[in-house]
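As they're listed, the protein sequences go chains X, L, P and B.
For the first sequence, position 27 (counting from the first letter as 1) is numbered 27 according to our numbering, and the numbering increases by one without interruption.
For the second sequence, position 290 (counting from the first letter as 1) is numbered 290 according to our numbering, and the numbering increases by one without interruption.
For the third sequence, position 238 (counting from the first letter as 1) is numbered 238 according to our numbering, and the numbering increases by one without interruption.
For the fourth sequence, position 232 (counting from the first letter as 1) is numbered 232 according to our numbering, and the numbering increases by one without interruption.
By construction, these hints were calculated from the structure, which means they are not laboratory data.
Positions of the beta carbon are idealized from the N, C-alpha and C atoms, including for glycine.
It is possible that some hints are incorrect.
[Claimed, not checked] What follows is a set of in silico ranges between Cβ atoms, one per label pair, in the way DEER data are often shown:
id	chain 1	residue 1	chain 2	residue 2	range
1	B	239	L	62	49 to 57 Å
2	P	43	B	246	42 to 50 Å
3	L	334	P	73	31 to 39 Å
4	P	117	L	62	21 to 29 Å
5	X	86	P	117	47 to 55 Å
6	P	43	L	273	52 to 60 Å
7	B	279	P	148	47 to 55 Å
8	P	121	B	279	55 to 63 Å
[Said to hold, decoys possible] Using 20 Å as the maximum straight-line C-alpha spacing, the simulated SDA-like pairs for lysine to any residue come out as follows:
id	chain 1	residue 1	chain 2	residue 2
9	L	337	L	25
10	B	79	P	164
11	P	18	B	334
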Amino acid sequence: MGERGTRSLVEGMEKPASRIDDVPEEKVIRSLLDNFPATVTDFKKLRKGVIRARIERRDLYRCCKFLRDHLGFEHLSMISAVEYDKRFEIVYHISCYGSCLLLELITSTPKDDPSVDSVASIWGGANWQERESYDLMGIKFNNHPKLERILLPKDTLYHPLRKDFKGGG
Amino acid sequence: MWINMGPQHPMTHGLWNLRIKVDGETIVDAEPEVGYLHRGIEKLCENRTYTQIIPIADRLCYGSSLTWSHLYCLTVEDLMGIEVPPRAEYIRVASIEMQRIASHLMWLAAYAADLGAMIGFIYTMRDREVFIDLLQALTGSRITYNFPRIGGVAHDIPPNFERDSLRACDYMEKKLKEYEDLFDGSKVFMMRNQGVGVLRKEDAMNLGVTGPPLRGSGVKYDLRKDMPYSVYPEMDFEAATHPDCDCYARYRVRMDEMFESCKIIRQAVQKMPKGKWRTVAPRNAPAGTGLGRVEDPRGEGMMYVVGDGTDRPYRLKIRSPIFVTVSAAKKMLVGYKVADVVAIMGGLDMCIGETDR
Amino acid sequence: MALKKKQSTFGFVLRPMKRTGAQVWESLIVGKPNTVLYPYQKLDLPPTYRGKHTLDFKRCIGCGNCVQICPNDCMWMEKLEDPELGKIERPGVDMGRCLFCGFCVEVCPTVAIHETVEFELADGDREKIKFGPKELRDDAYSDKIVEERQKRPVPVLDLDKCTGCEKCAGECPEICIAMMPIESVGKSKPEIALPKCTACEKCIVICPEKALTMKDMYESYFEMPEPRFILKNCTGCSACAKACPADAIYMMEMPGTEKTLKDGKKSKPKKRAVFVLEKCVGCGKCFRACKFNSIEMPGVKK
Amino acid sequence: MNLFQFCYGIIHWLVDLINHLWYWLGNLLPWWFGDFFNAVGDLAASHGNIVVFTILLEALVILIIAVVNVLNFIWIDRKFMGRMFDFYGPYYVGYRIGGWLQNIADGIKLFVKEIITPAKADKIGFYLGPVIFVSSSFLALSTIPLGRNFGIATNPSGLGVPASALIAFAFFAIAPFAILISGWSSNNKYTLIGGMRSAAQMMSYEIPMLLTVASVFLLAGSFDFMDIVSAQHDIWFAIPLALGFVIFLVCLVAEVEIQPFDLPEAEAELVEGWTTEYSGMRFGFFMMTSYLRGYIGGALTTALFLGGWHGPALIPEPIWFLIKAYIVFVVIEWMRWSTPRVRVDQLLNIGWNRLMPLAMLNLLIAASMKTMGWF
């Protein structure tokens, strides 16, 4: 590869595809509220660049698609499932390349029906993380390409991170 | 023909299994399997006090244990709302960058040995020893340091630490040039690396790949720059990127990162202010959530802690960079030869301790 | 940092061979190899290195904080008879399980436990690397090393001598001594806010009963759990005072609780425990010793 | 007096001694038995029998030379590699002679280890693989002379066997067969891939190698090592055939399977290649033989290109030969520890697309030199 080709690629790399390079947190909040007025609630700016929002689970898939396509949140950092007394919370940490913005999107499911829509078709990186949440916490992800146990053996009967599972240690 | 590369195989560097389907010597399908080293650290942490988790967080990754205990301390400090003394921040940054160099050198050792150059293994391990010795003098241990504490670091720096680390940086920069002789100068190495394991930019971004593999695909995304923590905003360095998207690009990014780390160590050691290095951490955390996010040598490390007012965390979730990166293995592997598996998977710097947790 | 090096055909093997040849020159002819012939030559370890533990019997008060903070449950308390010290309780370490994290050293309120640079602990038998307190004992070790944790002098109260005269509270220039009444005893005791204290020793000079003495205490980086006393459950059995390793619990009589016996005499008054929290090391022994749920300690297992 | 005559003399003397005893014993016996006894003695002392015994003695000599050289090679390899890798190498076992005894200690360890045969392996093939590998390599050594009077395959007149170089290369080329057998019969995917790679590699590198050797034959005008070496009395063939020398070295590295061409036993991807399932002394044989083949390679290079035993007469001829072979080996080892290994398609690419045309060119150069009458 010649010198010129390298430089042009580097220059292309300076400006990533993200469209919210210098958009403050409030703008994200506003556009989310405009598009999902009924389901998105409970906004909070935790610290600089970190926003928290809650969303009802029926709108999760559409909201994630909107976030990726229109707001440029192209990187799904982490999916974590937390068990509370009467509900499961699934926390999505979504960020975008090239800007200091992290969105903490929380959706909750009741205990008797722990299932949400899978976002694996939006972010390919969500595939294994959802499998892990299914494995350890027992959350079912609808339309997941291959929802199997990943860390534990295939014939395990329990979901060990739930609070009713008592292990040693 | 399906071939199981692992769980016991020289290529794997740990306990995992890569199932590849080959047609002759060409790979047509690949399927990584992890979970052989699952220790249940997230469940374990729910039964330990906040202090007791620090050595457990060290055990997440044998290659760069200091990053993980630092990440854990950052997370809990976010939950508890503690301010860390500036001297502690500088000590942390210096030690983390040393750990980054040591980790990258260990990667280079394993990578060179995978490609068949034993010479690379020996030289990098020898030079890694310089930084391990520095960290040993600083922390008191060689692999699992248990050095960061909630609200500071465990010790002050030992005498002559500044002089030693500046010397180590000079030595390292000299040695890195020699590695370029050994690897970049060797046509065999270039033949094995260039154009192998191409992961295009869009794929890398979509699959959640972070760290050197992502920067090797031409995306300038380094959390030290993009979402600065600790005292990184005051440091003068650059995030290394390379536009080639192949194994050579990943190698190059890591080599450049070692140069940058030397720069950061110099600045951190020279700018280090006087003062306290540790504050008393409260025993009980408030109810709420804390979030930590660092640039691990292997990618984006992240922890999410939920406190419930007691002295034990209610839930601790760990995002391991390799766990996400290895799920992109199929994208990189298909179409290459069996011998390229070692180059491609070795180029990811697998660490199963943090992948399986 | 794009690479601009040309790849010549001779670079196939010659450039790496040049490098390795230079290394042979360095390690064979000019100098020596980099390695150490291990069993005969050894590397110097830094003094901060964490290896096998030693225990100073005279400093140790047997509080068991080390056992509690150990993440791996590899320590235990052992009851011993010592000719000098009498009946004592001292910790032992199972090196087969030890993480060498050094928390036991950090948490020790009297810095009685240290980690030496000795690391050659391997043995074919698991029982042989379980070190009891007698094998760990090295009373002279702490004099040999430079201690990292700093001492600071603080006034320490002996509640038996204290009469509650409030002179110390009036004398203190930092106003860090406050007189707190002790419930249903009818006395009050001085409580010293240690973070504010500057060790001016004025309270010690003024104290008529010599109840306050200066004592060097080590700074602690850990916030320890504090016992909470519930008066209504206390029976005055003084089990907690016997259990306390730091002598922070005093049994005081409560006037007005004497019962009249059948023969007309009055019995001894009921006692209650009084805590001097400045001395407390947070070990939870009183909490475990109390059979009547009169002491609460959040976060400590019974 | 050459080696054959020397051995012949020893055997002749021994046979004479034993025959005297034998006839004396025969005289004590009754005549009908004594005649038979003497007839047996005459038969045993016949010329053909003595030659057979001589050859056996020579085989013993070659075995001893080979084993001592292999031990030396492993020791040189480990010490040289150690200094290159910035450590001492073998040190404690026999530390007065630089750790030389370490190899013997390792050999004893391998002897004592259990030999495991996989349950589903083809037992005969699994057993035959190392046997063929070792024996063919020893046979290749048998025709290479160490000096003018120190050759094994020589006839009583002191001349070499007419086609000794061809025989050496023929035996040298049996190895892929053994490797393929052992890789296939182990019934393991890695060993199978290793064996197949080995077969492909050796076959594709055999041709350029033999083409360069053909150029040497052309210049020397003979297939005999004796003649080839004496043809180099004035100038080593490495100088006019510099191109061929380089090609020969590269092909040799591929044939002996050391880095950067050690694909059949590529440690990282194919656990240990075709030796994965072997254990104990069977693996020891493989390892010893690979060093033995290194020695053969050095000897072949010396004999064909580096003027054999020619050198100042201060040092005896066989020592000159060994010194040159050792230097070739050390250079190969130096290259070995400095480079990564290439990929299998790149290896075949180098073999067929680069080395083949170059070897043809080299042959052309040799032919033109011969036509010009320079040799």
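Provide an ascending list of the numbers of those earlier hints which the structure does not satisfy.
3, 6, 8 and 10
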